[in-house]
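Peer 1: Going line by line, the protein sequences match chains A and B. With our numbering applied, the first sequence closes on residue 351, and no number is skipped along the way. With our numbering applied, the second sequence closes on residue 573, and no number is skipped along the way.
Honestly, the hints are just simulated from the structure, not real lab data. Predicted model, so just to flag it, every value in this text is computed and none were measured. Nothing false has been slipped in among the hints.
Some but not every residue of chain A turned toward chain B, in silico, with C-beta under 10 Å:
#, residue
1, 257
2, 262
3, 277
Virtual Cβ for every residue (Gly too), placed ideally from N, Cα, C.
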Amino acid sequence: MKTVKQHWWKALSVILLVYTFGFSFLVPLSPSIKSATPSSLEIGENKVILTGYNTGFTADEPIHIAIEYDKQTLLCGTAISVLNENQIEASFTVPDSLPSKVLHLRLHTTRFSCFSPELIKAFSIVEAPADDAQCSSPPLASSVPLDIPNRLQLNETIRNLMFHVPMWFTMMVILSISFWYSIKYLNTFDLRYDRIAREAVNIGLLFAALGLVTGSIWAKFTWSEHTDLFTTSGWWVNDVKLNGAAITTLIYLAYRILRNSLQEANQKAKVSAVYNIFAFVLMLVFIMILPRITDSLHPGNGGNPAFGKYDLDSTLRKVFYPAVVGWILLGIWMLSLKKRISTLENNLEDE
Amino acid sequence: MFAKQLVNLLKHELTLEMKQKHFISSIVLYIVSTIFVCSLSFTSISETSIWNALFWIIILFSLTNAISKSFLNENSDKQLFLYTLINPRVLIVGKILYNLVLSILLVVLSFVVFTIFIQSDGLTDMNYWLFFLAVILGSTSLSSTLTMVSAIASKTNNNIGILSILAFPILIPSILLSIEFSNLAINGGTTEMAGQFIVFLSLINLLIIILSFLLFPYLWRE
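Use the sequences and the hints to build the structure in full.
Peer 2: Next comes the structure, spelled out in structure tokens:
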């Protein structure tokens, strides 16, 4: 019973991470239309080929396509023919009174419905709202299957959300623990606290490295045009959050170098605790102030929609929050193991 | 008591500086020769933001050099004795104040030399008072951070190398803010437009001084 009381959180961490990995890698992406050729409509009849992802069209199912602007249906697709499981051809007849706008596309079948914002452009002479077209719609699917949202540009990389973002949360938690134990050390001069602070920095650096790697891969395939793996461009962009990450990594690498360049254990502990406190506070200031004066490509900054808006829908929330808790608990578990190892090593040295 | 010790410490620092004139002259020469080397590479910079960034990089390296010796003397026994007579908090405040005055003098000198050697066409609508304020606030946070970190670095053998490694990452926020702030001043911004820079830089400066004040005694007991 005592074991259960002491170690339940480790079991929780394992369960949450298994859930996270299972969900992130096994659940398919929701069907979505990714591109339209030609991507701009002209007055008269247009034959447009729509390419989707995970759509699985079949020739005999009813498909309904509407082009919308501002929640108003403007055009309906007619003469829809299925080319293959991910491609359909539809024809749109554009009247001469369509607003010259970037339009959204909505597609329904009996199995799923999807919405692709800003997919197709229309140009016409008269800037006036068209008549509210009413398209005949097939009955909607009664049960929506479990899937991960499929966003333009993000595509499959959305799964990285469960790995990249929790890395930084975990790093901040672990570094805060280090900060706390450095303060405790300066109050008591007990070397045990210094060992915890040191090991926490090591674990924090590991999570920072993982965060940088996962973020770099994500940036390469969403923000960059160079998605070829063997080019150097696109792995890094100049963004305030990336700078914050780089600075944090540099500060704690410097902390390790400072420790290694001091000899005597008490002096090492005292000097590095002072630097740890000084640097951590200034790093927090950086993370809080700088995003206020500069834009970022990250969600929630510089006009980009925040997590709450549509990036993190209710399906993703069900995995994202457990993932964060799971990774943080894993970090703390690693820290407790490292603490025990360093205590044992210290005892060996003393003998 | 605090004020009296502080005044005595500043007097002592000044006498030391006057005795070792070679030190201050070497820093001045360092600044002039760095700027001269830059002017050989680009005599005129059309882009004011590059002109500004170059200016701050030169200031960063000059001040790192100038302040790295703050706690170098303490290893001699006599210095150690003198410094144990006073409160360590007086010592860090005194060192920060002294380095602040030194940095402002060096930065003003760098500005004069820099504008003489490296021209930029876009400097005509510069708001000089605002630029001066940016330089003062920026060099305050540079000099106070560098003073505190040089106290940490002086505990190791490789003083200036460790100082740069330890100080540069934590200096980046204030450097970035100062560069943005002085860019605004160069483009003819007004004090109202610079409000958030003034507030943030002052807050960072205050925070650095409070942290140094709180943490230095732990370093000093070593």
